[in-house]
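Number of protein chains: 2
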Amino acid sequence: MSTEAIATSPAASTAKSVATHPLAPLSAQELTSAASIIKASWPAHTDLHFKVVTLEEPPKAEVLKYLDAEHQKTSLPSISRKAFVNYYIRNTNKFHEAIVDLSTGHVVSNVLLGPFFHANGDGEEIVAIEKAVLQDESVKAEIAKLQLPEGTVVISDPWIYGSDGVNDEERLYQCFLYLRDPMNPGEADSNHYALPLPISPVVSTADNNKVIRIDIMPTGVDNTIKPIGPYKVQPPNEYVSEYQSLRTDLKPLRVVQPEGASFQVTREGTSSILAWQKWKFRVGFNQREGMVLYDVRYDGRPLFYRLSLSDMNIPYADPRHPFHKKSAFDLGDAGAGIMANNLKLGCDCLGSIYYLDAVLSDDKGGVTPMDNVVCIHEQDAGIGWKHTNYRTGRAAVVRSRELVLQSIITVSNYEYILAFIFNQAGEIDYEIRATGILSTQPIDEGIEVPFGTVVHPGVLAVHHQHIFSLRVDPMIDGLDNRVAYEEAHAMPRSEFNPHGTGYFTKETVISESGGYDLDYDKNRTFKIQNANVRNPINGKPVAYKIQAPPFQKILSDKDSFNYKRAEFSDHNIYVVKHRDGELYAGGKYTNQSRGGTGVRSWADRKDNVQDTDLVVYIQAGINHVPRIEDFPVMPCEILKIHMKPVNFFDKNPALDVAPSEQGFNKSVLVSEQHHQPTVEATIDKDGACCGPKL
Amino acid sequence: MSTEAIATSPAASTAKSVATHPLAPLSAQELTSAASIIKASWPAHTDLHFKVVTLEEPPKAEVLKYLDAEHQKTSLPSISRKAFVNYYIRNTNKFHEAIVDLSTGHVVSNVLLGPFFHANGDGEEIVAIEKAVLQDESVKAEIAKLQLPEGTVVISDPWIYGSDGVNDEERLYQCFLYLRDPMNPGEADSNHYALPLPISPVVSTADNNKVIRIDIMPTGVDNTIKPIGPYKVQPPNEYVSEYQSLRTDLKPLRVVQPEGASFQVTREGTSSILAWQKWKFRVGFNQREGMVLYDVRYDGRPLFYRLSLSDMNIPYADPRHPFHKKSAFDLGDAGAGIMANNLKLGCDCLGSIYYLDAVLSDDKGGVTPMDNVVCIHEQDAGIGWKHTNYRTGRAAVVRSRELVLQSIITVSNYEYILAFIFNQAGEIDYEIRATGILSTQPIDEGIEVPFGTVVHPGVLAVHHQHIFSLRVDPMIDGLDNRVAYEEAHAMPRSEFNPHGTGYFTKETVISESGGYDLDYDKNRTFKIQNANVRNPINGKPVAYKIQAPPFQKILSDKDSFNYKRAEFSDHNIYVVKHRDGELYAGGKYTNQSRGGTGVRSWADRKDNVQDTDLVVYIQAGINHVPRIEDFPVMPCEILKIHMKPVNFFDKNPALDVAPSEQGFNKSVLVSEQHHQPTVEATIDKDGACCGPKL
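Chains as they are written, first to last, in UniProt numbering: chain A, 1 to 694; chain B, 1 to 694.
In short, the hints are calculated from the structure, not lab data. Please note that the accuracy of each hint is not assured.
Since the list can't tell identical chains apart, any single copy or any two copies may satisfy a pair.
[Stated by the list, open to error] Taking lysine-lysine and the BS3-like style, the derived pairs with C-alpha atoms no more than 30 Å apart in a straight line are:
1) K232 <-> K564
2) K145 <-> K588
3) K666 <-> K280
4) K65 <-> K540
5) K280 <-> K94
6) K651 <-> K506
7) K506 <-> K145
8) K558 <-> K506
9) K60 <-> K210
10) K506 <-> K564
11) K278 <-> K558
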């Protein structure tokens with residue numbers, strides 16, 4: 001990283017000191033103010049391409065003092081508001097990282113980042129690249145060789161270039177080309193992923209999105225490249241409803257809360273405080289991580305300083321050029337916040353819904369309003385607990401109510417539905433639903449390859465891994481925490497265990513930062529504990545345990561760029577000592593990164609992590625071997641990471657949930673007349689929601 | 001197994017030949033008829049203790065012909081109705097297994113089972129044992145040493161004795177004693193598990209429930225037995241609502257289906273046909289397995305001949321006498337059918353509910369009506385699939401609707417909530433929720449043991465494993481199926497894989513019956529395939545894959561009775577060739593069994609299981625290391641086994657689900673007034689449901 005000295009300069013528009021919560025996202029005014037301050041530091045008319053303008057979170061030590069004062073209702077310390085800014089001098093490779101003090105209007109630092117540091121993509125840029133590629137004469141010449149029917153529409157999907165160390169110092173995009181159904185070219189929502197082309201232009205963003213190369217794809221079983229020839233038009237495979245013969249026998253199911261929802265939202269500027277069933281926390285939202293939860297407490301007891309999805313990595317299995325570089329970091333390379341869907345009432349969430357909005361930066365130093373990016377609602381999760389006394393026949397049963405904060409992101413072809421879910425038993429789930437459309441490429445007819453599945457005639461969906469990293473910054477009853485893992489082992493036979501049936505658990509405390517793995521054969525369970533606070537009944541340290549689903553670690557070998565870059569992809573758990581500014585498991589700049597800047601590197605410091613301020617990264621994943629059922633759009637594949645109290649309370653914390661009763665639940669006995677052959681379809685196909693916006 | 005020749009004899013009441021479906025459970029009339037036929041085979045006034053009277057399912061080959069005719073609407077073959085009967089000569093060890101032909105009224109076979117074959121428990125017997133123990137003078141003498149407050153109520157929980165090979169040839173019960181809260185002895189729903197006593201009487205059922213021994217429990221860290229002395233009365237730990245300070249801030253959430261439910265139930269005698277969203281299957285119910293699904297089809301294509309929970313095993317970790325024998329088989333030792341709860345509208349299920357009833361046998365050859373043992377309802381399962389076209393902004397989104405068949409069983413202290421769940425994407429889940437009250441024992445104050453958790457002063461909840469076995473008898477597009485497992489492996493570096501990023505999948509076909517295990521590091525995935533039927537697009541065999549959660553296999557050593565008896569407990573998957581009559585993974589008679597009669601033994605036949613009629617047993621489990629949060633009643637721990645189509649369809653089968661639209665879903669935008677501080681509690685504490693039945 002080379003540095004460039006830039007004198008701190010006063011703000012173009014005078015920034016004012018506001019009594020904003022230190023964890024509140026930047027407001028629209030702060031966003032534009034930060035950009036203006038940076039612009040003012042350059043000669044007039046310098047065209048800056050802003051990549052990120054976001055809150056620079058204050059040091060944790062400062063925030064903690066603020067939170068203490070906030071909870072104790074004493075006078076609040078003053079913490080300066082700072083913005084973190086990434087920008088280019090437009091159409092150059094001059095990529096900068098700056099910190100702006102919004103309270104004083106000064107640039108605190110402004111650094112030109114060195115080689116191998118590249119910014120995330122942004123929407124405006126993607127559209128510009130699409131256009132540049134399709135207008136390029138060399139690309140047109142290749143497309144002409146396909147001899148497509150007149151009127152056929154070609155679509156270009158720019159892809160993050162990835163890293164292979166081969167002439168990839170500059171910031172590039174690898175574009176994948178597809179067709180809309182040639183028989184129906186006016187359909188803007190045609191599923192072009194069903195009609196992939198073997199032509200892949202490469203674009204240099206520092207060179208005004210110039211096409212620097214056109215890659216021709218291998219389409220057989222090996223890496224032979226065939227010259228482009230006439231394209232055999234295959235049938236389409238559409239996902240939008242007007243091309244389906246829809247089911248008509250599904251009757252409406254509605255979630256009704258006649259007295260409203262049970263949660264309270266208190267809006268404080270750009271963040272909101274959510275209170276529900278003894279839970280209380282602050283919700284933020286930023287360009288990169290989307291939803292962030294801060295200061296999560298249960299019944300006043302601190303649990304987590306910060307919870308967020310840290311990053312995800314999606315490496316693909318096809319080792320052939322140019323596919324070998326397909327390995328996206330959807331947060332670092334794009335951003336879960338900026339890609340968040342505007343959620344629609346009655347479509348994305350069912351029941352009584354509250355929406356949160358956000359404001360993010362745009363590429364010109366302005367503001368992108370992000371409406372309805374988080375939906376909040378309650379859901380019934382079945383029975384919470386039950387016991388029937390067989391002697392008296394009395395059944396004690398409570399239902400489990402959950403609070404859901406959901407955000408949905410679209411990353412080009414693919415969707416992730418991300419949710420934090422809280423329940424009444426003191427548990428938090430992080431749920432990931434993977435859906436959307438598979439990334440496809442052409443394949444010759446009649447062949448099979450062991451690294452992908454044919455999902456449509458001529459269409460290969462390559463195997464790929466999704467590896468997610470959830471960042472958990474705990475404060476279980478205080479800051480000094482430790483991670484321990486418990487295992488269950490068979491007892492050896494002895495006088496104490498004469499029949500060979502005994503087993504026992506033992507706990508191992510993690511003292512050094514590092515990557516650690518689950519071992520299901522030992523029932524290995526990780527817990528975040530506070531050894532200074534003991535359960536009043538059994539004396540065990542208060543703790544939250546982590547239940548994460550199994551996943552296959554990254555398959556790319558240890559010398560590959562894929563492995564080096566995806567620093568979180570090789571272990572179920574990383575435990576590191578907290579350091580301000582370390583938030584992203586794959587490193588701060590993942591686009592065309594080289595590794596060495598993420599959680600594996602932090603763990604290599606071998607810090608003490610016992611009874612101190614630590615951070616846990618929990619990984620989960622899918623090795624997605626496509627089924628034909630995943631096309632043209634895939635049914636959700638669901639992953640859940642659970643965090644559950646272990647000896648944190650003194651009994652079942654949901655014991656005080658009122659019994660499940662008909663007077664409250666108003667269930668309905670289905671009578672026979674409801675079971676006659678279905679009446680005519682009751683679905684309103686002209687509903688306001690979800691229709692084409694052409 | 002010794003045999004006893006009994007002449008087949010005519011029915012006492014003439015059985016009539018009825019046109020009943022061959023898979024329909026026995027009707028009330030058939031149950032009593034079968035018992036009468038057996039009674040008539042004995043001298044008058046012989047007192048028989050019936051343990052099980054249930055349908056003897058006809059040979060699969062015969063049923064398949066019937067199902068073919070049924071689906072093709074051709075004339076139905078005649079299949080005789082048979083009953084399977086287990087009984088004792090009351091108060092003896094003479095345990096019989098008989099088959100009765102109800103169509104002819106004849107006893108087909110009637111066998112006295114030899115040593116080490118013991119029947120399941122039954123409700124009448126359990127109550128009789130409780131009484132016998134508490135009236136026993138030697139037990140009273142031990143209790144007297146505790147010097148309990150006047151009026152204290154002692155409770156006896158009879159437990160399945162288990163096997164250790166030490167004087168355990170006879171059928172015995174190990175009883176655990178507890179107290180109701182001595183300060184509140186009139187509370188019949190007091191949680192006696194919070195007040196365990198160290199006295200454990202042993203009862204012989206063949207000897208009129210005589211107490212043959214009183215075991216005194218070790219209560220320290222080792223196996224020292226201390227003489228019984230004065231009992232220190234500890235505080236109670238109640239779970240029923242009147243002892244809680246209930247939350248009052250939860251507002252109602254109702255599931256409303258204004259046009260009724262989307263499923264159709266056709267009742268055919270004692271079984272029902274369920275049709276929902278292209279699914280169709282028959283529901284049966286029996287004493288041992290509870291819910292059984294037969295002839296499961298999707299869009300007319302056969303998928304499963306039979307689905308049921310086969311058994312479960314719960315071995316405990318404490319190796320000390322008498323706890324070392326605690327290893328229950330809740331289906332084989334008791335029965336998921338006979339223990340099923342009568343489900344209450346508005347308590348156990350939310351929404352529009354349809355109930356199924358059943359009739360089971362009683363101990364005297366009569367009938368036990370089992371009302372509302374299965375509840376059927378639909379539920380919303382969040383988003384089913386979604387894609388947003390970022391170019392047009394059009395979001396295509398469908399919600400996922402599920403059909404749930406739920407049954408809840410109470411096994412003394414513990415509850416299991418068992419459900420088959422179907423969705424619109426051709427997927428079936430089997431969901432297990434473990435809840436209820438931990439089995440407890442006394443522990444001296446101030447000590448810890450590595451095989452249990454102190455959950456209340458003086459109360460130890462010992463670690464234990466729950467190992468479930470789901471029996472899957474497939475017919476994926478026909479009977480000749482195979483099981484294959486797919487693994488993902490890194491490609492070695494080569495000219496084809498120059499950057500070390502490639503990986504591939506390979507499939508291994510299981511040719512021989514046996515136990516097989518998951519390997520998450522290889523992403524090993526088991527699929528049930530039909531190699532004779534190929535996907536029309538990609539030529540792959542049609543298949544359903546199994547996604548089962550990880551679990552630690554049984555920890556008891558291989559020479560232990562626990563291991564030998566729990567024949568399904570050591571592998572994730574067992575694959576065996578189908579044989580009529582082999583239904584129970586732990587063997588037909590699990591109570592005090594010795595092993596050698598379950599799935600491990602069947603697998604040892606090393607049958608060919610490739611492209612033939614096979615059966616798969618899928619295991620799932622929990623190593624339950626109790627948390628204090630699991631007491632006095634535990635929040636549900638949820639396990640799910642998924643079965644999903646893999647190249648069975650030619651595209652996403654849920655593509656034809658209508659888009660999620662507000663006109664259909666009627667969600668509500670939560671307005672600010674709903675977020676004011678909560679109003680007074682709206683929960684009706686006097687609701688008809690769930691109150692004490694004293």
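Please write out, lowest number first, the hints stated earlier that are contradicted by the structure.
1, 2, 5, 7, 9, 11
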